[in-house]
Amino acid sequence: MKKKFFLAIAVILIAFIGFVAYTMLTTRNHSPADVAEYKGNNLNITINYCRPFRKERTVFGTQEEGALQPFGEYWRTGANEATEISFTNDVIFNGEPVAAGTYSFYTIPDEKEWTVALNSVVGEWGYSEPDYSFDIHRSKVLSEKNSTPTEQFTISYDPQGNHVNIVLDWDKVVVKVPVSPAS
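Numbering that gives the first Met the number 0 numbers the first residue of the sequence shown as 0 and each following residue consecutively.
Source of the hints: derived by calculation from the structure; they are not laboratory data.
When the alpha-carbon atoms are kept at most 27 Å apart in a straight line, the in silico DSSO-like pairs for lysine-lysine are as follows: (1) K144 with K111; (2) K144 with K171; (3) K111 with K175; (4) K38 with K175; (5) K144 with K175; (6) K139 with K38; (7) K175 with K54; (8) K111 with K171; (9) K171 with K54; (10) K111 with K54; (11) K139 with K111; (12) K139 with K171; (13) K54 with K144; (14) K139 with K175.
Simulated restraints, written as ranges between beta carbons of each label pair: (15) G122 with N43: 15 to 25 Å; (16) D33 with G71: 23 to 33 Å; (17) G94 with L6: 53 to 63 Å.
Ideal placement from N, C-alpha and C gives every residue a C-beta, glycine not left out.
Using the sequences and the accompanying hints, generate a full structural model.
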């Protein structure tokens, strides 16, 4: 009787682990992982994120419009696991000092401006809002309209003299977050 019980538990556990592994592997096909790196101007920034596709959907908008990412709601700034950003030196992130380290990088999109935030809890997978009490930075940036929709979410860099803009580009929206060396 005990053997059958433990065998049943083992089979259920193996099936569950297999399902989780399968789900994680197949979601990567739809939103592949990428790394955006910047080195220059006494800055070294690395962003690990996953790149979802638009697939003719309304990406940013209202819930009534059926938007994939409704205005005013938390977004992990990518797909799959939470987007993570690393700074090897202290920086000024959108006007505020941030210590060197690795952080979860999330946003709250809105029609004209976005909230950008850094959270000290890293390693999260899936859609789960962070514990906001661990935010080490939270500020607003303006969003811009993109004349040509971008099919796949992309993070890139736009150097501007003594700072660099982190550029978030997807669908018809572009957001730029300035980062400069702290010293």
